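Enquirer: One letter stands for each residue in the lines below.
Protein chains: 2
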Amino acid sequence: MAGMLLFPAMTQLDLTGPYEVLARLPGWRVEVVAKTRDPVRTDRGLVITPSMGFAEAPQFDLLVVPGGPGTDAAMLDPETVEFVRDQARGARHVLGICTGSLLLGAAGLLRGRRAGSHWASRDLLAQFGAEVRDERMTIDGNVYTAGGVTSGIDMALRLAADLAGEDVAQQIQLQIEYDPEPPFTAGTPFVAPPHILERARASGAKIRRSREAAVAEAARNLATSKG
Amino acid sequence: MAGMLLFPAMTQLDLTGPYEVLARLPGWRVEVVAKTRDPVRTDRGLVITPSMGFAEAPQFDLLVVPGGPGTDAAMLDPETVEFVRDQARGARHVLGICTGSLLLGAAGLLRGRRAGSHWASRDLLAQFGAEVRDERMTIDGNVYTAGGVTSGIDMALRLAADLAGEDVAQQIQLQIEYDPEPPFTAGTPFVAPPHILERARASGAKIRRSREAAVAEAARNLATSKG
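Going down the list, the protein sequences come from chains A and B.
For the first sequence, counting from 1, position 226 maps to 228 in the numbering used here; every step adds exactly one.
For the second sequence, counting from 1, position 216 maps to 218 in the numbering used here; every step adds exactly one.
Hint data in this document are derived by calculation from the structure and do not stem from the laboratory.
Fair warning: this is a prediction, and the values are worked out from it, not measured in the lab.
By construction, the Cβ of each residue, glycine as well, lies at the ideal position given by its N, Cα and C atoms.
Among the hints, a few may not be true.
[To be verified] Partner residues aside, some chain A positions facing chain B, computed with beta carbon under 8 Å: (1) Leu-48; (2) Ser-53; (3) Asp-79.
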């Protein structure tokens, strides 16, 4: 069984992209788990209802942790961090999408591990002891970390192949007609036109500042925890 | 304002992919609209809560119609077909994702127009008078139709550029780190290994049969309607 974490102000595509892939895995059930069963408002307004609360959750075989603006609060919420740490301890695979990897870091799961994140937050993983990678998909043992938002789709297909074989993963890829044709070449800081990157950085500056503060505090919490 | 249609047993990524792009358009509000405000269960279990019911919906500037297994019932539901027809009449742009284009067809919006759909249902568009295209993205006037599931992300970026300019679209592409790296080459019938295509067709055979019946009935309804 797969458990996908849902929390307020997360970026919904971090969850819904991989959901579409993982829910098609034969024999797998996908649960969306949040603190309680109350509907959760994601960062841009979409409302998703979890299928179970933390207290009802069994040990998942696969734990999926998405990111988004709400990651800052989630990293500093002891109940959420504890849930991630406990589940990850028993899970066969852990998948962090976008800044969900920061939450994995806050739970102490990335110490000495190679890991990635959204390009705008990737460097911050070092504060949790991770070896930061500038890749769309990073795999270290049973911990899979993907870059920003849409990279969760690529990574979920990679994971699907590891869980159920390449034929199954390819069949899912065909079902969801995943033969991408991005209309522009702007999907990473390495390829985006410089003025686009500058604008994206400017519009994300406020988020970046509060994230730096949240990561510093979460790293201090981790250092003093028994996790 | 953009209105995205939500109905039971739809494929959630048809909606959530474009949502992530369109909700980032400066000055645009995105509403998720269903018959009522009750939470809706999508085909593989994810539950999404609409932000408004049909009766509350204003005239949208952009109407987005996703697809999925539930399209069959939606095409044959007079209230849904009427809602799509009425909204499309006043919208500046109409976007059909995956088999959402069949619903556009059932509402009489594709007569004499070039249009696409999910590869496994594309040919059925002809029954609604469309000129079927084997493309991931087809634009005919103000009607945008995308191929299966994930193509909605590409198409939403294309539409974002048309609505707000290429710089804005590229900035969104960078924010969602959309520089895809599909792990396999299997995303269309044209590139997938033959045994994968065969399996996908076999596993979709039942859906295809019920869809053929639903399209035939929807086409008859359209022929006798005043739409």
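Enquirer: Decide, hint by hint, whether the structure agrees.
Expert: For each hint, the structure was consulted:
For Leu-48 of chain A, the shortest C-beta to C-beta distance to chain B is roughly 6 Å, which falls under 8 Å, so the interface hint holds. Interface hint status for Ser-53 of chain A: upheld, as the beta-carbon distance to the closest one in chain B is roughly 7 Å, under 8 Å. The restraint placing Asp-79 of chain A at the interface with chain B is violated, with a minimum CB-CB distance near 23 Å, outside the 8 Å limit.
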